[in-house]
Structures are given as C-alpha cells and as structure tokens.
Amino acid sequence: MRKILWALLFLSTVTGCDKRETKKPDRLQQVMGLQTMSELATAEYVVTKIIKANDNKTWYKVGERKILLSCKASIVAGVDMGALSPSDIRIDGENISLTLPHAKLLYINIKPEDVRTAYQDVSLFRDKFSVKEKDMLVNQAENQIKAQVPELGVLVTAETNASIFIDGFLKNLGFKNISINFSDTKNVLQ
Amino acid sequence: MKKFLKYVLFVAIIGGAVWFASKKLNFLRPFKHMFTEAPVLIDSTPIIIAEIKPLAKLMTITFTDEVVKDTSKLGVGVPSFVPLTSGALLQPSRDRLVMIGRGRVILGTDLKSLSSDDIEINGDSVTVSIPRATILETIIHPSGFEIFVEKGNWPEQAVIDLKVKIREEIERRALAQNLLQLANERSRMILETFLINTGFRAAKVLQTTDH
Chain A
1 MRKILWALLF LSTVTGCDKR ETKKPDRLQQ VMGLQTMSEL ATAEYVVTKI IKANDNKTWY
61 KVGERKILLS CKASIVAGVD MGALSPSDIR IDGENISLTL PHAKLLYINI KPEDVRTAYQ
121 DVSLFRDKFS VKEKDMLVNQ AENQIKAQVP ELGVLVTAET NASIFIDGFL KNLGFKNISI
181 NFSDTKNVLQ
Chain B
1 MKKFLKYVLF VAIIGGAVWF ASKKLNFLRP FKHMFTEAPV LIDSTPIIIA EIKPLAKLMT
61 ITFTDEVVKD TSKLGVGVPS FVPLTSGALL QPSRDRLVMI GRGRVILGTD LKSLSSDDIE
121 INGDSVTVSI PRATILETII HPSGFEIFVE KGNWPEQAVI DLKVKIREEI ERRALAQNLL
181 QLANERSRMI LETFLINTGF RAAKVLQTTD H
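From first to last, the protein sequence lines are chains A and B.
Mapped onto our numbering, the consecutive letters of the first sequence carry residue numbers 1 to 190.
Mapped onto our numbering, the consecutive letters of the second sequence carry residue numbers 1 to 211.
By construction, these hints were calculated from the structure, which means they are not laboratory data.
Even for Gly, the Cβ is constructed at its ideal location relative to N, Cα and C.
Certain hints may be false.
[Claimed, not checked] Computed list of lysine to aspartate or glutamate pairs in EDC-like fashion (alpha-carbon distance at most 20 Å, straight line):
{"id": "1", "chain 1": "B", "residue 1": "Lys53", "chain 2": "B", "residue 2": "Glu156"}
{"id": "2", "chain 1": "A", "residue 1": "Lys111", "chain 2": "B", "residue 2": "Glu156"}
{"id": "3", "chain 1": "A", "residue 1": "Lys132", "chain 2": "B", "residue 2": "Asp95"}
{"id": "4", "chain 1": "A", "residue 1": "Lys57", "chain 2": "B", "residue 2": "Asp43"}
{"id": "5", "chain 1": "A", "residue 1": "Lys66", "chain 2": "A", "residue 2": "Asp121"}
[As the list claims (entries may be wrong)] To list a few chain B residues with every Cβ distance to chain A over 12 Å, as calculated:
{"id": "6", "residue": "Arg167"}
{"id": "7", "residue": "Arg186"}
{"id": "8", "residue": "Leu206"}
Could you build the full structure based on these sequences and the hints that come with them?
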C-alpha cells in the first residue's frame, strides 16, 4: 500500500510540474514598416493610476511580496478624416452640413519615465520584482485603462473638439451656417 | 531480483493506468498545475484624470520599428577567473541588461495654430498654409519591451534610461528614412481633398516654417 502511495505521489508530482512557459503566438503579427493614416486627433486625457499587486498566491513559495507603482498615461482620441467622402458633405450656398465618423480611441501612451515604483516590500525568501515582471504589471494597467475609456468621456470630448475645430476652419473658408453631425456607426476602439 | 522486477512491472502498470486516465478522463486536472506559478494580477484601482487637452493633430504616417539596446555595469557577483587581455588575474563580474523595444512613431501636422491669416480665398480657389510635419508621438507599449538578458540588480532609473534610449533610436531611424517629407505630402493631400469636397474648384496647401 505504501509503495502504491509513493508511486502515485511521484507520478502526480511529475505531471504537476508544468512550469513551461508556452509562448502564445501574437494575436496581431506586428508589421514592421510604414503605414499611412488620416486621423485627426482632437482630445488628449492625461490620467494617473496606482498599480497595486500582491504576489502571495503561489502555495509553494514561502513569503509574499507587494508592490505599488504609479503611472501616468496619455489617452488620445479623434476622428478618421479618411472616412469622409463627398456624400458626407452637403453645400447650399454659404451653408454646409458635414457628417463625420464617430470619434475613436487612437492610442494610449505610457512613457517609461512616467512609471515609478512607489513602494516595494519583499520577504526574505523571495526575489525582488524583475524588470520583466514590472512591465507585465504596467501592461495590465494599460489594459484596465483601455477598458474604461468609454466611461472617461474622452470620445465625447474628442467629438466636441472636432466639431469646434472644423467649425472654425469652415468659417475661415467663408461658410456662415455650419452643421456638423456624427454618423450612427458604432465606435471602434483600437 | 524477481521481487524487484515485479515491483517495476507493478509501478509501470500503475503509471500507465494513471497516464491513460489523465489523458482520457482528465482526472489529474486539479493536480496538473500544482507547481505552476500563479500569475500576479493587479488590483482594480481608480483612474484619475489629471488634465484634458484639446488637440488638432493630423496624423498621417505611422512607422513601426524594433530596436535592441544594452547596458552593463560592475556587478557584485563572483569575479571571473578568465584573465583580461591586459594580464589581470581576475575579471570583475558585470551586470548586464539587454532589452528589445518594439514601437511606432506617428508623424503628422499640428493644426492647432491654424487661423484665418493662413487661408487665402480667391473666387473658387483657396490656398491654405499649414506647419511642416513633425513627430507627433512615439509609442512603445509596456508589452513592447522584451527583456532578453537581465543579470544583476538594476536601479529603476537605469532601466528607464535604457527604455528612453530605445525610444530615441526608433525616432532617429524614422527621421533617417525621410518620413517627414512623406508626412508633409500626405497632410497636403488630405487637406486638399477636404477643401475640394467643400466646393472649391482649386485647392492648394502649402507648408510653412513660420508656425
């Protein structure tokens, strides 16, 4: 009976050791090189976020480690001017009506110099957080920021600012009555 | 000897049965990741809006690139006994950090300073003067940095400095490819198309260096 138990324990240990890091293929294959675009960025939100992590979930690691990072991110939104076609513009003398596509998220930028370790507490038997581990935590923070973009109001601000800018531009071109609308197509978050 | 062979056969049969059961019935699933490190997940914390800025940046070209940079310093590890070419007996331990950075540079024209002074209308023709294209932003996501070698303890500022060097190198390579000229041409094309669509027969967009 003892031998059976030892054999089972050995086998479960062997099958349980699965520390291989299976590298998942990138969902989007990076295309190195040049691409054209035609977006008009009209709003930038500068946001701050505290990144809080506690590494104490691995049962076989003695002790825990905690970290607090502060980060600043720029969220930029705007409209795609390339999506504007002649059918979206109606002119009647000095009156003009424009239908723009809805604003979308253009990018989130977290600069390396805007990420700082505010606090770190590592117990005796653990290693400090490595550069790679900190980058992974900041990556999670970026994803959290991206998920909350609709609630922040940056897209609404981008549309408002786009209207103001294009209204001013068209007034300088000689138009008196300007109407700017946004199409009903769904926002696409990049 | 017979007893030993019986024991080995017994373990092999048990092992085969366990393997078969784990593959077909997946009964070892709770134990499968027993020794797998649990991922470190961050807590959900609030996002504070520090500043809201209105922009009018026409983004026309994006350039993606990948750069490798490294740095090293004297370490506190065990010195190497490989003699240096100068004849020294010990080679001091060196800490090394090698990083790969993948990012993109966005080039375009900042139109925020555009005013009525920059627009000249002549009947059904219009001429607009806009600033020259510049690098509007360089973006390297946190996941865009790959640590290839991390040997020793690295202070935070040294890591930041290396990442900034990677960003500057990506920008330098973008400028070396004459992309500003391409960005200028594209900005002109987009605005001229917009002006024609607003009813002008002829539209010309010029770039100035005065803005």
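Quiz item: For Arg167 (chain B), which was marked as not at the interface, is the minimum beta-carbon distance to chain A over 12 Å?
Solution: 7 Å, violated
Practice problem: Hey, is Arg186 (chain B) genuinely clear of chain A, shortest beta carbon separation above 12 Å? | Solution: Since the minimum Cβ distance to chain A is about 6 Å, Arg186 (chain B) lies within 12 Å and the statement is violated.
Quiz item: Are the Cα atoms of Lys132 (chain A) and Asp95 (chain B) separated by 20 Å or less?
Solution: Measuring from Cα to Cα gives roughly 16 Å; hence the hint holds.
Practice problem: Over 12 Å to the closest beta carbon of chain A is the bar; see if Leu206 (chain B) clears it. | Solution: 15 Å, holds
Quiz item: Given the proposed pairing of Lys111 (chain A) with Glu156 (chain B), does the C-alpha separation stay at or below 20 Å?
Solution: At roughly 14 Å apart (the allowed maximum being 20 Å), Glu156 (chain B) and Lys111 (chain A) satisfy the hint.
Exercise. Sort out whether Asp43 (chain B) lies within 20 Å of Lys57 (chain A), counting only the CA atoms.
Key: Judged against 20 Å, a Cα distance of about 14 Å means the pair holds.
Quiz item: CA of Lys53 (chain B) to CA of Glu156 (chain B), is that 20 Å or under?
Solution: 30 Å, violated
Quiz item: Holds or violated: are the alpha carbons of Lys66 (chain A) and Asp121 (chain A) at most 20 Å from each other?
Solution: It holds: about 5 Å lies between the C-alpha atoms, which stays within 20 Å.
In summary, the numbered hints that this structure violates are 1, 6 and 7.
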